[in-house]
Amino acid sequence: MRFLPTAEQRAFAASLDAMLTAAGTPSAVRSWAAGDHTAGRALWSRLADAGVFALAVPESCAGVGPLPVELAVAFVELGRHAVPGPLVETVLAAALLAGDPRRPDPAAELLSALASGRAMATVGAPYALDGDAADVVLALRDGEVWRAPGARDARPCLDRARRLTTPLPGGELLLPRTPPAALGWARLATAAQAIGVGAALLDRTVAHVGRRVQFGVPIGSFQAVKHRLADAKIALEFARPLLFGAALTMDAADVAAAKGAACEAAYSTARTALQLHGAIGYTAECDLSLWLTKARALRTAWGAPHECRAAVLAAALATDPPHH
Amino acid sequence: MRFLPTAEQRAFAASLDAMLTAAGTPSAVRSWAAGDHTAGRALWSRLADAGVFALAVPESCAGVGPLPVELAVAFVELGRHAVPGPLVETVLAAALLAGDPRRPDPAAELLSALASGRAMATVGAPYALDGDAADVVLALRDGEVWRAPGARDARPCLDRARRLTTPLPGGELLLPRTPPAALGWARLATAAQAIGVGAALLDRTVAHVGRRVQFGVPIGSFQAVKHRLADAKIALEFARPLLFGAALTMDAADVAAAKGAACEAAYSTARTALQLHGAIGYTAECDLSLWLTKARALRTAWGAPHECRAAVLAAALATDPPHH
Amino acid sequence: MDLTHCPADEAFRAEARAWLAGHVPAHPLPSLETGEGFAAHRAWEAELAADRWSVVSWPEEYGGRGADVMRWLVFEEEYWAAGAPGRVSQNGLGLLAPTLFEHGTPEQRARVLPSMATGEVVWAQAWSEPEAGSDLAALRSRAVRADGGWLLSGQKTWSSRAAFADRAFGLFRSGPGAPKPHQGLLYVMFDLQDPGVTVRPIGRLDGRPAFAELFLDEVFVPDEDVIGEPGEGWRVAMSTAGSERGLTLRSPGRYLAAARRLHTLWRTLGSPEHVRDRVADALSGARAYQLSAYAHASRLLEGGTVGAEASMNKVFWSELDLVLHETALDLLGEEGQFADGAWSEGYVFALAGPIYAGANEVQRDIVAERLLGLPRGRR
Amino acid sequence: MDLTHCPADEAFRAEARAWLAGHVPAHPLPSLETGEGFAAHRAWEAELAADRWSVVSWPEEYGGRGADVMRWLVFEEEYWAAGAPGRVSQNGLGLLAPTLFEHGTPEQRARVLPSMATGEVVWAQAWSEPEAGSDLAALRSRAVRADGGWLLSGQKTWSSRAAFADRAFGLFRSGPGAPKPHQGLLYVMFDLQDPGVTVRPIGRLDGRPAFAELFLDEVFVPDEDVIGEPGEGWRVAMSTAGSERGLTLRSPGRYLAAARRLHTLWRTLGSPEHVRDRVADALSGARAYQLSAYAHASRLLEGGTVGAEASMNKVFWSELDLVLHETALDLLGEEGQFADGAWSEGYVFALAGPIYAGANEVQRDIVAERLLGLPRGRR
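Protein chains in written order, with the working numbering: chain Z, 1 to 324; chain Y, 1 to 324; chain F, 1 to 379; chain B, 1 to 379.
To be clear, the hints were calculated from the coordinates, so they are not data collected in a lab. Given the structure is predicted, the values throughout are model-derived calculations rather than measurements. Check the hints yourself; a few may be wrong.
Which chain B residues face chain Y? A few, computed with CB under 8 angstroms, are given here [to be verified]:
1. D135
2. I202
3. L205
4. Q337
5. S344
6. A352
7. P354
8. I355
Label-pair ranges, simulated between beta-carbon atoms [unchecked claim]:
9. A50(B) / G333(F): 52 to 62 angstroms
10. G216(Y) / G304(F): 31 to 41 angstroms
11. A26(F) / D251(Y): 28 to 38 angstroms
12. P201(B) / S31(Y): 17 to 27 angstroms
13. G304(F) / D17(Z): 58 to 68 angstroms
One-sided excerpt, in silico: chain Z residues whose CB lies under 7 angstroms from chain Y [said to hold, decoys possible]:
14. F222
15. Q223
16. A224
17. H227
Ideal Cβ positions, reconstructed from N, Cα and C, are used throughout, including at glycine.
I would like the entire structure built from these sequences, with the hints used as guidance.
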């Protein structure tokens with residue numbers, strides 16, 4: 001038992017953090033939101049070079065995975081920097097394609113394209129995130145996995161860097177049955193992203209309240225401000241072990257608990273961050289908005305809190321029969 | 001429209017408040033908890049003389065009611081002073097007996113005894129509060145109202161001034177059908193009592209934090225302390241109009257909303273009061289405990305929060321058909 | 001103690017309901033925070049005004065119906081229940097008009113109010129400055145005496161509606177040497193089209209320019225556009241805050257209608273358990289706010305005042321509104337993510353509720369200190 | 001990164017589980033806070049000690065098994081999962097023993113620890129005073145130098161277990177002229193049966209004497225009962241707070257077992273919807289606390305420390321415990337009101353959680369100032 005990230009895992013996180021800090025993601029997020037995917041695709045390539053998209057792909061298909069802990073490590077950093085695009089969906093696509101042991105030819109080919117970063121994928125269930133930007137649009141239909149011939153109706157979301165699309169009908173049947181464990185990868189990646197989003201919101205807010213003076217003192221010296229931030233810190237710090245515990249077990253209930261706790265912590269941190277920034281935090285021009293709106297979106301994506309709670313209770317039912 | 005207490009209602013409240021302040025209820029509560037009902041019965045007589053128990057009894061049966069607004073006014077004061085005994089249950093008994101227009105003989109007789117304060121009643125559904133002290137034990141059984149020949153098994157509760165008993169089997173059938181509106185009187189009286197309990201907890205805590213010095217200043221100058229008390233004040237202040245609105249309409253949903261809001265406000269105020277008093281508030285010897293434990297008990301009595309919410313939603317369903 | 005409106009108020013309610021049923025647009029107007037939507041909302045104000053429904057609480061001579069505060073509550077219930085559009089003139093109606101009625105000259109009222117009532121002139125507020133958010137006493141923009149008037153310079157921010165509005169009102173420091181920060185302020189109206197005014201729209205979270213920064217460079221305003229005495233601006237601005245303003249900032253009708261819409265949505269989606277408690281609490285909360293407003297209105301009608309209680313109102317409605325909209329989005333799930341959904345703009349608007357009009361932290365301080373008498377902290 | 005206990009720890013777990021299965025009383029012992037229950041719990045300590053299960057983390061020479069912190073976590077999981085009784089020696093084991101291991105003399109350890117391990121001597125803590133709750137630096141009870149020892153006088157309060165315990169330990173002011181309030185304190189052990197000590201039991205909310213006031217009137221303690229240097233009491237008391245104490249104050253095993261009991265109760269009562277969210281959150285919260293403890297333990301085993309993180313733990317477990325017990329009572333409805341119900345004493349105990357061991361307000365200040373680096377307020 002050593003429930004701490006290894007030196008390699010810490011170094012992986014630090015290298016992604018440094019790379020994304022240098023890349024200045026906020027401007028890539030803004031251009032992505034405006035429909036210009038150039039900067040986002042460039043970031044994508046660099047993340048692929050760092051191996052991020054190979055983590056969910058087995059070695060037999062040009063990947064290095066499955067490595068869920070490393071995936072969680074990476075997605076915390078992606079969330080911390082608000083990297084745009086169908087990140088979780090590309091991981092989910094890989095998990096779907098890798099999840100069927102028979103793995104038909106087109107699936108194996110696609111897997112290798114995903115792992116290398118050549119292809120950006122999205123998955124519609126029913127909506128597909130950023131289907132207007134993705135190279136591969138999968139659609140989950142009645143338990144089957146299809147490759148749709150594209151997506152339409154890109155609609156702007158409250159998180160302006162996300163556009164939900166609808167996969168086009170038809171296309172090619174890839175798998176006759178959705179591999180049941182694949183959703184766990186989407187939830188895990190989303191939970192990790194949420195932890196990173198929450199951490200960024202907290203860091204920025206701590207910095208802000210240390211600077212912002214009202215009534216003659218930094219507002220960070222007000223006890224009400226301190227306690228809200230302390231609560232955000234506590235919620236995030238206790239969601240983090242759930243995340244890595246889930247990555248280690250990949251147990252459906254552990255993953256659901258992590259997804260629920262991480263996303264609730266990130267969203268309540270977002271509410272705190274907005275409140276403590278005041279009006280400036282409410283503007284689209286303040287970078288904070290990139291994380292604020294993402295916290296809400298992640299909470300809904302791939303299992304809302306009540307769906308996660310249902311999974312936790314279902315698992316407890318299985319392991320803990322009642323005594324009468 | 002004049003949604004304010006009348007001068008008479010304010011005077012009624014003030015006279016009860018003055019009478020109970022002079023009577024020093026805490027010692028009566030403590031002796032009641034110890035099984036000595038003398039002081040409690042004396043208080044009871046004075047409340048009856050002030051007309052409290054006649055408010056739910058129609059004029060045709062020696063009462064002055066039904067006057068639900070005045071009842072709410074009175075029960076706020078009873079809660080404020082933590083008066084012990086089956087107060088709500090005596091009101092409920094009156095509402096039950098008055099609620100059947102055919103009103104058989106023994107019921108009419110009982111009503112007059114309740115109104116005058118000669119009889120203290122309790123109602124078992126299934127447990128009967130303070131059945132060891134009450135003169136009249138009613139039992140609600142399969143929609144019928146019975147007068148039980150007494151009660152047994154007095155068990156101490158977390159609110160030490162309450163003892164729940166079980167009505168003895170048998171007895172006399174009073175009403176073949178439980179009047180449906182009667183429960184509203186129990187909920188209304190409980191809601192009013194909760195508002196009074198909450199007000200007392202808030203007042204005592206405000207006084208305490210103004211006196212108690214830690215780290216060199218009164219703890220009431222800490223912003224975290226202020227904000228908790230402000231939240232308690234706000235919750236209580238917005239429960240109060242629900243209470244009096246419910247008393248005016250006696251609509252089941254209004255009463256349920258009032259019961260839910262008042263009891264949640266009182267309980268959260270109790271949590272705040274305990275936390276801000278610290279260890280001293282956690283002792284049985286501090287009078288605060290009399291209100292702290294009552295806030296929890298009232299929350300459960302005659303409709304827990306989820307039951308009240310269900311009533312609110314059922315009424316909204318009836319008045320607000322969905323548009324498709 | 002009663003909850004029965006008088007027959008005249010009920011007749012008024014019936015008249016309002018009938019008019020609204022015949023006039024409320026069948027489809028929601030475009031967002032108020034767009035050029036197109038602003039124009040549509042301005043036209044709606046004119047339509048209201050044509051039948052004297054735009055300013056029911058004003059005297060008849062200015063286009064109103066002389067409705068007292070109770071009747072105003074009735075109107076608002078009907079207005080929001082009918083699904084009528086948001087009010088583009090809110091800032092003028094809620095902040096400037098009460099000030100003019102109390103401190104304006106007859107000439108000012110005659111000049112300003114009629115065009116406000118019709119939406120011909122839409123007013124923006126110009127209170128906050130970059131370094132003065134909840135701490136309004138820290139204002140730095142200044143008014144310098146000039147011949148027959150004042151020259152305004154400085155920077156204002158979070159000016160709601162200013163991206164599309166016509167005129168604005170706000171506080172400027174006219175006596176820089178005043179011994180206390182609340183003294184030496186000028187309450188003044190000015191033209192957003194003045195060449196000395198630069199309006200820089202600011203997008204809120206959804207990108208829409210719901211407010212703007214104003215840069216003023218020696219903007220001349222004549223003495224006739226000063227309200228009250230120079231130097232008394234703070235008192236002028238605050239005097240209306242203590243009375244009806246605490247009640248009329250956000251009317252209960254708004255939340256009653258929203259709670260009913262939420263309940264309908266919930267039932268339409270099959271009454272899912274996971275939001276049951278919150279739907280019930282929204283209904284109860286809206287009812288509590290309505291009844292509380294009736295109590296405050298009753299007190300005002302008897303000559304009483306609403307003081308620090310307004311701070312409780314602010315906290316209550318802003319948190320109710322936010323939970324209500326969060327619940328709607330939770331109910332909608334994936335559908336709730338779209339920026340153009342039926343509840344989305346309301347959610348974005350509700351997110352700002354705990355911040356503006358005095359942040360809720362400040363309101364809680366006020367409740368604790370003024371209503372509970374707790375010692376003032378350093379804050 | 002892994003979550004797999006080493007084979008030796010798993011063997012230890014199996015051994016503990018087997019022993020507990022054979023020894024845990026079939027029915028709950030009477031309440032620890034009664035004379036009868038105290039005796040029963042003391043006997044249970046002896047039973048544990050007889051097979052070296054009472055102090056598994058101590059060295060073998062003092063009756064322990066030399067378990068490291070990870071193995072201790074394993075033991076606690078098994079202990080609470082088995083439904084074993086609460087620990088009457090908690091104060092001695094959790095506070096005094098670690099201090100003795102770090103600052104005591106070999107003689108003190110040999111004299112004090114074995115009888116603590118068997119429950120023969122039960123220890124109470126004597127920290128708080130009437131004017132010094134969360135603000136321990138305001139202590140006023142004093143220790144005056146006497147021949148070969150000290151004379152203790154003053155008043156202590158909230159002394160848990162003191163109504164029935166044998167001995168106590170606490171801080172006394174030995175240098176009244178110390179320049180700072182944290183200086184000049186003496187960490188000392190004393191006898192509750194000393195004629196100079198008056199123990200006044202205090203009933204908690206349910207009336208049970210869970211703590212006591214202590215009045216000390218020139219109670220002589222020999223120098224051998226002083227731990228560490230005179231004047232250094234604060235440092236001695238605090239030195240163990242920063243390491244394992246933040247982890248061992250309340251073990252995750254306790255909440256894992258409670259959450260499972262709650263889940264079982266919920267299912268037994270038909271899985272009512274109104275508490276569904278809270279039951280799920282209790283399960284997740286207990287798991288989060290368990291995993292967080294594994295992370296902290298891993299760090300300690302690598303030579304790291306747990307500092308202000310202990311404040312996060314305190315807030316988390318105390319709020320988890322309270323919500324968990326409130327949920328159980330809500331589930332039980334009328335049955336939950338009885339003082340003798342299965343969850344009632346736990347609820348009363350949980351109510352105190354946010355207050356003792358540093359009120360949660362103070363813990364949040366610490367999190368904000370030490371972990372987030374926010375400026376110190378006036379507090």
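Hints versus structure:
This hint holds: D135(B) has a C-beta 4 angstroms from the nearest C-beta of chain Y, less than the 8 angstroms allowed. Interface restraint check for I202(B): the shortest CB-CB distance to chain Y comes to about 5 angstroms, inside 8 angstroms, so the restraint holds. For L205(B), the suggested interface contact is upheld, since its CB lies about 5 angstroms from the closest CB of chain Y, less than 8 angstroms. Interface hint at Q337(B): satisfied, since its Cβ lies 5 angstroms from the closest Cβ of chain Y, which is below the 8 angstroms cut-off.
Taking 8 angstroms as the C-beta contact cut-off toward chain Y, the hint placing S344(B) at the interface holds, the least distance being around 6 angstroms. At about 5 angstroms, the closest approach between the beta carbon of A352(B) and any beta carbon in chain Y falls short of 8 angstroms, and the interface hint on this residue holds. About 6 angstroms separates the beta-carbon of P354(B) from the nearest beta-carbon of chain Y, less than 8 angstroms, and the hint is met. Evaluation of the I355(B) hint against chain Y yields a held restraint, the C-beta minimum of about 5 angstroms falling below 8 angstroms.
With their beta carbons about 58 angstroms apart, A50(B) and G333(F) fall inside the hinted range of 52 to 62 angstroms. Between G216(Y) and G304(F) the C-beta distance comes to about 40 angstroms, which sits within the given range of 31 to 41 angstroms. Checked against the given bound of 28 to 38 angstroms, the beta carbons of A26(F) and D251(Y), roughly 33 angstroms apart, stay inside it. Range check, P201(B) to S31(Y): about 20 angstroms between beta-carbon atoms, so the 17 to 27 angstroms window is met.
A C-beta distance of roughly 59 angstroms is found between G304(F) and D17(Z), which places it inside the suggested range of 58 to 68 angstroms. Evaluation of the F222(Z) hint against chain Y yields a held restraint, the C-beta minimum of about 6 angstroms falling below 7 angstroms. Interface restraint check: Q223(Z) against chain Y, minimum CB-CB distance 4 angstroms, threshold 7 angstroms, status holds. Interface restraint check for A224(Z): the shortest CB-CB distance to chain Y comes to about 5 angstroms, inside 7 angstroms, so the restraint holds.
A least Cβ separation of about 5 angstroms between H227(Z) and chain Y falls short of the 7 angstroms threshold, and the interface hint therefore holds.
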